[in-house]
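Student: Can you make the complete structure from the sequences, with help from the hints?
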Amino acid sequence: MPTPPKTIEDLMARCNAIAGLTLGQLASSLEQAVPKNLLKDKGWVGQLIEHALGATGGSQAVVDFADLGIELKTLPINQQGKPLESTYVCVAPLTGVTGLEWQNSWVCEKLRHILWLPVLAERQIPLAERVIGNAFLWQPNSAQQQALQQDWEELMELISLGGIADIRGATGKYLQLRPKAANSKALTDAIGSQGQPIRTLPRGFYLKTNFTAAILQQQFSLSVE
DNA sequence: AGATGATCATCC
DNA sequence: GGATGATCATCT
115 MPTPPKTIED LMARCNAIAG LTLGQLASSL EQAVPKNLLK DKGWVGQLIE
165 HALGATGGSQ AVVDFADLGI ELKTLPINQQ GKPLESTYVC VAPLTGVTGL
215 EWQNSWVCEK LRHILWLPVL AERQIPLAER VIGNAFLWQP NSAQQQALQQ
265 DWEELMELIS LGGIADIRGA TGKYLQLRPK AANSKALTDA IGSQGQPIRT
315 LPRGFYLKTN FTAAILQQQF SLSVE
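Mapping of the first sequence onto my numbering: residues 115 to 339, in sequence order.
Treat the hints as calculated values from the structure; they're not laboratory data. No experiment lies behind these values; they were computed from the predicted model shown. Treat the hints loosely; a few may be bogus.
[Claimed, not checked] Estimated spans, in silico, between C-beta atoms of each pair:
#1 E145 x S335: 37 to 43 Å
#2 G157 x T212: 32 to 38 Å
#3 D280 x Q332: 17 to 23 Å
#4 E145 x G172: 15 to 21 Å
#5 N297 x G172: 43 to 49 Å
#6 Q332 x L301: 37 to 43 Å
#7 S142 x I122: 23 to 29 Å
#8 G210 x A131: 39 to 45 Å
#9 K287 x A133: 29 to 35 Å
#10 A328 x V245: 45 to 51 Å
#11 K287 x T170: 30 to 36 Å
#12 G210 x Q332: 32 to 38 Å
#13 A131 x T212: 26 to 32 Å
Using N, Cα and C, we set each Cβ at its ideal position, and we do this for glycine too.
Tutor: Quick look at the structure:
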């Protein structure tokens, strides 16, 4: 297991070292087997990259590079550089949320400083041949912060007022709430339409692709200056 | 085609 | 069950 990077420069150097490699090349240098597909290994790419960069935390509820305060997100993209999937942020609290403010929320905390690592990941490309892109650091600007806060407040208000059943993926412009569970039988406590306790599917916050696409575009336009 | 809702593996 | 890592697969 590699030691965690001590500085941001160290971290970025490690990113540079793996940029351009295929997942197969990186896996073999770490003596890891490449699964046939991601059907039963959906987190494989993220975990491979975490390992390569020396991320800590594992399944703990902390950012990946605790000393640097940086969260790592791999981002599957197509040839055109557009995200192929929404980006999971964190689980959503469904009870005891009255009085919770954006600034203190888990979403805000996680999105404070992200290391985005694009991976060319069109489904037609065999897993081992997918190419690691150029990682970049990102922090939300005030407009992005405000947009996310607005979505978050709308979603949290619905949750706290018993409107969770009315929330769907389309609720929220950039930040959405979707099921995040092992299967449809996993249930957790929430607030019903009459304010009564109910059991419902656990939910997670996700960044929609329109948001991550804008981040990539912003980064791209900066990098060709 | 793209997004929504559903699901998979693992660790504690 | 709930946290981590996400992508799959169906619907629109």
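Student: Determine for every hint whether it applies to the structure shown.
Tutor: Right, here's what the structure says about each hint:
1. Take E145 and S335: their Cβ atoms lie about 39 Å apart, and the range 37 to 43 Å holds.
2. In this structure the supplied range 32 to 38 Å holds for G157 paired with T212, their Cβ-Cβ distance being about 33 Å.
3. At roughly 33 Å, the beta-carbon separation of D280 and Q332 lies outside the given 17 to 23 Å, and the hint is violated.
4. With their beta carbons about 19 Å apart, E145 and G172 fall inside the hinted range of 15 to 21 Å.
5. Separation of N297 from G172 is about 23 Å and departs from the stated range, judged on CB atoms against 43 to 49 Å.
6. Between Q332 and L301, the C-beta spacing of about 39 Å keeps the proposed range 37 to 43 Å intact.
7. For the pair S142 and I122, the supplied restraint of 23 to 29 Å holds, since their beta-carbon distance comes to about 28 Å.
8. Range check, G210 to A131: Cβ separation about 44 Å, and the 39 to 45 Å hint holds.
9. Distance hint check: the CB atoms of K287 and A133 are about 31 Å apart, consistent with the given range 29 to 35 Å.
10. A hinted range of 45 to 51 Å is violated for the C-beta pair A328 and V245, which are about 23 Å apart.
11. At about 33 Å, the beta-carbon gap between K287 and T170 stays in the expected band of 30 to 36 Å.
12. Under the hint 32 to 38 Å, the C-beta atoms of G210 and Q332, about 36 Å apart, fit the expected range.
13. The hinted range of 26 to 32 Å is not satisfied by A131 and T212, whose Cβ atoms lie roughly 47 Å apart.
In summary, the numbered hints that this structure violates are 3, 5, 10, 13.
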